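There are 2 protein chains.
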Amino acid sequence: MQAVVMAGGVGTRFWPRSRRRRPKQLLAITGTASMLRQTAERLRPLLPWERILVVAQAGHRQAIREELPELPEANLLVEPVGRNTAPAIALAAAVLQARGAAADAMVVLPADHVLRRDAEFRAVLAACARLLQQHDPLLTLGLAPQRPETGYGYIRRGELAAQVEGRDFHRVERFVEKPDPDTARALVADGRYLWNSGMFVWRVSRILAELRRHLPDLRAGLDLLIQAHGTRGWEAQLNTAYSGFPSISIDYGVMEKAAEVWVVPVDLGWSDVGSWASLAELRQPDAAGNVVPAGCLTVEARGNIVEGHGRTIVLLGVSDLIVVDAEDALLVCHRERAQQVGEIPARLARLGKESLT
Amino acid sequence: MQAVVMAGGVGTRFWPRSRRRRPKQLLAITGTASMLRQTAERLRPLLPWERILVVAQAGHRQAIREELPELPEANLLVEPVGRNTAPAIALAAAVLQARGAAADAMVVLPADHVLRRDAEFRAVLAACARLLQQHDPLLTLGLAPQRPETGYGYIRRGELAAQVEGRDFHRVERFVEKPDPDTARALVADGRYLWNSGMFVWRVSRILAELRRHLPDLRAGLDLLIQAHGTRGWEAQLNTAYSGFPSISIDYGVMEKAAEVWVVPVDLGWSDVGSWASLAELRQPDAAGNVVPAGCLTVEARGNIVEGHGRTIVLLGVSDLIVVDAEDALLVCHRERAQQVGEIPARLARLGKESLT
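As they're listed, the protein sequences go chains A and B. If you count the first sequence from 1, position 287 lands on 287 in my numbering, and the numbers rise without skipping. If you count the second sequence from 1, position 287 lands on 1287 in my numbering, and the numbers rise without skipping.
Bound conformation, chain A alone (with noise of 0.2 Å):
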């Protein structure tokens, strides 16, 4: 088995936190270590740092280097340029085929989610690779909804492929791309529908020829990384590679066109870390539904979300504010703003404050 982490999202929502140079995945917002290095540790159990890929972009290859001493130099896949999530799990696959693994599993993680339920993950993993020794699907990894989400793609599951330690692994009927709020309704409702996770896994030999067959502008490009990988060419190849493959997610690339896509009902205890308002799931708020750092001090004060950054913060007769400290910026904001927040980098380079950004 080998992993791919896709770390290369920007998370503009978490400003004033998350930087430029310092995106969410870099962040140690769930615990104490970022969501990246979580992501990696929840894999070790199962693979050797050799076989743990990272996908990022160029800016934060220094800080990716620190963050994970253990990863070797060659297992940081860096885009020359920022594309979708398509042309670096090609990346990722071209690097795996070259390296003679076309027949092993590749698993396909986000950099920037959390999984409470680690030891359950991996099972999840171990039953996936069994299944890939019997079967060749695109699999992906599906997440009971938990409400009528808008911001998240849907999986409808059909009738049963396979069963597998005891697991199911349904053949996906339907796509359905965020929906509206009446659709994710009856999404819920409707009980079949999944949420898709952005966590796959399947054959490197089959993820090719799929990216090959939907995505015929990647096939030259693939052969090309194919060829330079291990040579002295590698960086320049990879820069006219990666310069001209399509901007496309897998999901709308391939996902959605492919035969043969499975899905496995999941209950991994998943989070996306969608927005600072995401810290009320993942901390325990306390008796007014504040969730608050130690030392905070709050009067009268509820459904409040507070990261602090070593000062004392006092709420009086406030509610549903999200207050965030940092050295430098301070964000007070909504609740029912949080997404808004990821526009104020793009507003503060516009009044010249592209150090804040």
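There could be a bad hint or two in this list.
[Stated by the list, open to error] Computed footprint of chain A on chain B; a stretch qualifies when at least three of its residues, placed anywhere within it, have a C-beta under 8 Å from a C-beta of chain A:
id: 1; segment: 1313-1322
id: 2; segment: 1328-1339
id: 3; segment: 1342-1350
[Stated by the list, open to error] Facing chain B, a subset of chain A residues (Cβ under 8 Å, in silico):
id: 4; residue: L297
id: 5; residue: R311
id: 6; residue: T312
id: 7; residue: R347
[What the hints assert, rightly or not] Over the 12 Å line for every Cβ pair with chain B, so calculated as not near, a few chain A residues:
id: 8; residue: Q38
id: 9; residue: Q163
id: 10; residue: D190
id: 11; residue: G269
Worth flagging that the hints you see were computed from the coordinates, not collected in a lab. All of these numbers come straight from a predicted model, not from anything done at the bench. Just so it is clear, CB atoms sit at the ideal spot from N, CA and C, and this is done for glycine as well.
Given the structure of chain A, go ahead and fit chain B onto it with the hints provided.
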């Protein structure tokens, strides 16, 4: 004329900027200078520094000397223990009597109020001094009420007692302590009531006589102070006398009981800067009603008051908040709770955070 600036306050409602050693009157909240310095400079065109006394707490001695380096050392009168306004005025009057100024006009002013109309203020004081050459009342400056405020005392003006330089001096018919909301509305509607400003003018000899008459507990201490002034025993006698003084306000202890109390209606652009909420009256709000420092980014935010400390503050989708940034602490408070900020230092002390109080 002699002036006494009452600088004994604590001003905890301006936490986290105000601290035990840095009370409200020493903060530059309302301009580039502290309110204490503004109060002294407002008097300077009328009076030399030698005729300005400042009464303050022992803990503020050093900070006040740094803020008013021109003030003669002997003119900073330090209260051995915190009392109320009657003892502070008694101390100043005793010093002036001992200095041979018994017949002078004595102006008493709070150190932590804002007056926008400096020249008019000095003209009022000049008229009061002129009046005191002919008459011997206790004079108080009365402000036209701007709203049915429940936090102030009110004065009902009676018949005209004198006119000087075109200004009307009325006998006071009645003092009203802080009223309930219904009473406050009735007082404002009545038209004859003025706000009690805490600014007084009287002859030194007259206030000493009234203090002796209405506060017999002060008599022995007053005699002690007048005798000890200028001697080596001053500090010890001050401690003895002051410790025995009752803690009582000049309004309750003298003004409400004395005969011949007059009021002169004045229009001075006054504010007592009672809480962070009052910054909305002192500074120009932007189109969305926000009072924020330069460089603060507001996005769909209305009616907020922000006091910065150099860091960039971003408000997103929030309304009617007070946000005060300080080096070691941060306050986020609803505007309607501005008065309750005064409770924060005591709450922090109970949490063992004395260093923040």
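With chain B as the partner, please determine if T312(A) meets the hint condition of a C-beta pair closer than 8 Å. Since chain B brings a Cβ to about 5 Å from T312(A), closer than 8 Å, the hint holds.
Given coverage of the segment 1342-1350 of chain B by chain A, checked by CB-CB distance under 8 Å (3 or more): holds (count 4)
Outside-interface status for Q38(A) - nearest CB in chain B farther than 12 Å: holds (28 Å)
Coverage criterion applied to the segment 1313-1322 of chain B (partner chain A; beta-carbon cut 8 Å; 3 residues): As far as the segment 1313-1322 of chain B goes, the hint holds, because 7 residues have Cβ atoms under 8 Å from chain A.
Interface exclusion of D190(A) relative to chain B, criterion Cβ beyond 12 Å: holds (33 Å)
At least three residues with a C-beta closer than 8 Å to a C-beta of chain A: is that true for the segment 1328-1339 of chain B? holds (count 9)
Taking the least C-beta to C-beta distance, is R347(A) closer than 8 Å to chain B? Hint holds; R347(A) Cβ to chain B Cβ min 6 Å, cut 8 Å.
With a cut-off of 8 Å on the beta carbons, see whether L297(A) makes it to chain B. holds (6 Å)
Grab the minimum beta-carbon distance between G269(A) and chain B and tell me whether it stays above 12 Å. holds (30 Å)
At a threshold of 8 Å, is the proposed contact between R311(A) and chain B supported by beta-carbon distances? Where the cut-off is 8 Å and the nearest Cβ of chain B is about 6 Å from R311(A), the hint holds.
Over 12 Å to the closest beta carbon of chain B is the bar; see if Q163(A) clears it. holds (49 Å)
Consistency with the previously given hints is maintained throughout, with no hint failing.
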